[in-house]
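My request is simple: use the sequences and hints to build the entire structure.
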Amino acid sequence: IFIPLFLISVVILQTFHITYIQIVLALFLGLFSHIVLDATTPAGVKLFAPISSKKYYKNFAIGSIFVLILLALICRIPMLFTIFESFINY
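To convert a position in the sequence shown, counted from 1, into the working numbering, add 10.
Think of the hints as simulated: they come from the structure by calculation, not from any bench.
Using N, Cα and C, we set each Cβ at its ideal position, and we do this for glycine too.
A hint or two may mislead.
[What the hints assert, rightly or not] Pair by pair, the computed Cβ-Cβ distance ranges are: (1) 64 <-> 28: 31 to 41 Å; (2) 29 <-> 53: 30 to 40 Å; (3) 34 <-> 56: 20 to 30 Å; (4) 17 <-> 64: 35 to 45 Å.
See the structure below:
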């Protein structure tokens, strides 16, 4: 469902120039955040499922949430400047 929504938004918002690197970083953050948020559940997450059956729980997730917030801010702030560049008067 996310890919059709993304393609619709690209068609509607044609004026924005988003690079492929920004798209890949956004997809990576989405995938990584899904794993981290699953680790906050009581069931935990088997990160290395075929190799190891060890589950990672909240201790892994709490530290990773801070990393996700930092990565999201680092990736998102330059993208916001490119989107709103036409509205910013230098």
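Next item on the list: Taking the numbered hints from earlier one at a time, note which ones the structure violates and give those numbers from smallest to largest.
Entry: none
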